[in-house]
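Trainee: The primary structure of each chain is shown beneath.
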Amino acid sequence: MLDITPSEAYLFADEIASNLIALEKRRARRNTRSMSKPTILIVDDQHLVADTTKEVLNRSGFKAVCAYNGRSALEIAAKLRPDYLLSDVLMPGMNGVELAIAIQKELPETRIVLFSGQAGITDIVSKAKADGHTFDLLAKPIHPEKLLEHLKQKA
Amino acid sequence: MQLKNMENGPDLTDRLQLLLAAIVESSDDSIISKDLNGIIMSWNAAAGRMFGYEAVEIIGQSILRLIPEELHHEEDMILAKLRAGQRIDHYETIRIRKNGERFDISVTISPLIDSGGNIIGASKVAREITERKLMEQKLILSEKLAATGRMAATIAHEINNPLDAVMNLMYLARTSKTLNSAKSYIQTAEQELERVSHIARQTLGYYRENGAHSPILLQDLVQDVLTVYQGKITAAGITVDCEFADHPAITASKGELVQVLSNIVANSIDAMSHGGVLRIQIERADSPAGVRIEIKDQGIGVRQEDIARVFDPFFTTKGQLGTGIGLWVVKQLVEKHGGEITLSSRTEPERSGTTVFIFLPLTSQAATESNNVN
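Residue numbers (numbering that gives the first Met the number 0), protein chains in the order written: chain W, 0 to 154; chain C, 0 to 373.
Rather than coming from a laboratory, the hints here were simulated on the basis of the structure. One or more of the hints may lead you astray.
[Claimed, not checked] Just so you have them, the derived chain C footprint on chain W, three or more residues with Cβ under 8 Å:
| id | stretch |
| --- | --- |
| 1 | 42 to 53 |
| 2 | 85 to 92 |
| 3 | 141 to 150 |
Don't be surprised by glycine CBs; every beta carbon is placed ideally from N, CA and C.
Make the full structure from the sequences, and use the hints.
Mentor: Have a look at this one:
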């Protein structure tokens, strides 16, 4: 038996109810999220690469958004909280690896894929690896179907 | 000369001379003396091993027998300097053995002065440097391969980006609902392919050539090198400021000059990871006739104590990332073209940066030789 007063019991029930409501809200949010299109943030200083990748992904069931440098990508990511980040490595200012490390810290659920025209040989990637940050790295050029397949595998 | 443990006596001079002769005879370097007409007066054992002549067959002969015919003019220059009482230190040249084989030597020539102060001839101390020259050639070749590798990685980046866009565009065209939109994707793809072929033409073409000399306008070469590094330049936030005054074409090896310029530009880019201005100036030079090029960056600079060593082989300020032979090869190639290269640098914050000055003559000895061969 619980040894509580009626007013305490009232407060207790209220707390349980509000917890249940919060839980239900979270569940509902998760359901709508899983039913809606996955969001992907594409970052590349080569506008044409970013824009065409966005079109490809939008046609294939994603909701894609573009950024052309690391800083604006961070700002967009903070608002959008994307499911995926697809970023170039060599970019002016903040490079793709710095961006990926920042996003990994702020949004641990975002799945990160890097792509580069100089795959495997960039000092930046090997330095990040030495610091314990390993990211998927795709080599450009990548066929759109291969990219989609890769993203599906990460879902 | 001072001697230890030798008692003074009437035969001291004789014993001293015997000792000196023994030193000369047992030296590993060739020691030869000649008079002011270039006639060989003495010949040690090492000279015999190096040139293949016994002392008896060469003493009294002209020194020209040891010099390849096309280098006979060197002897006039050497004799003129000796008559003026000057010394020639570590002069690197080619000599010829009795069997006709040519080899590289480094020779130091000093005037021989008698007790009356008259110049009576010269002593030549020569060391064979064929091995060292071979090592240097191998090193130049390996740096050439490394430079090619670095350039290939940069070119790969410049080519793979447009190719990535082309793949996307073709996919979008293929999956387009209307012919018009498909056409528009294909048009953009064509423009990107044009960019790829431009980069390939500007860069990969150099590796097909064999170092043959041809007329070159330096500003074109600079533009080509900048095309290759455009991606890196943009990525680092560097502004390029070119000032090309009217300058004549020079006769040189295009591939080698591309290597020279790309090594320097790559160094500047590495030094300016946080941006800045890369200023490249080219102008004509009149005496001697040629072209002067100045490449100035606002990078981190080279410390004063390191400046003297930047052209030394295996010296690097880039830690694990540098091979330390880039600038050394640049200097070898510039000098091979009869040119000169110097570097100045400062490291004070806000005012730091490095400037490389290169002079290249209109034509060089190397160009003339290469054209004769061709």
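Trainee: Each of the hints needs a verdict: does it hold here or not?
Mentor: Outcome of the hint check:
Only residues whose C-beta sits within less than 8 Å of a C-beta in chain C count toward coverage, and the stretch 42 to 53 of chain W has 6 of them, enough to reach three; the restraint holds. Proximity of the stretch 85 to 92 of chain W to chain C, defined as three or more residues with a beta carbon under 8 Å from a beta carbon of that chain, is established by the 4 residues found. Evaluation of the coverage hint for the stretch 141 to 150 of chain W: fulfilled, as 4 residues show C-beta separations to chain C shorter than 8 Å, against a requirement of three.
The structure is consistent with each of the numbered hints, conforming to all of them.
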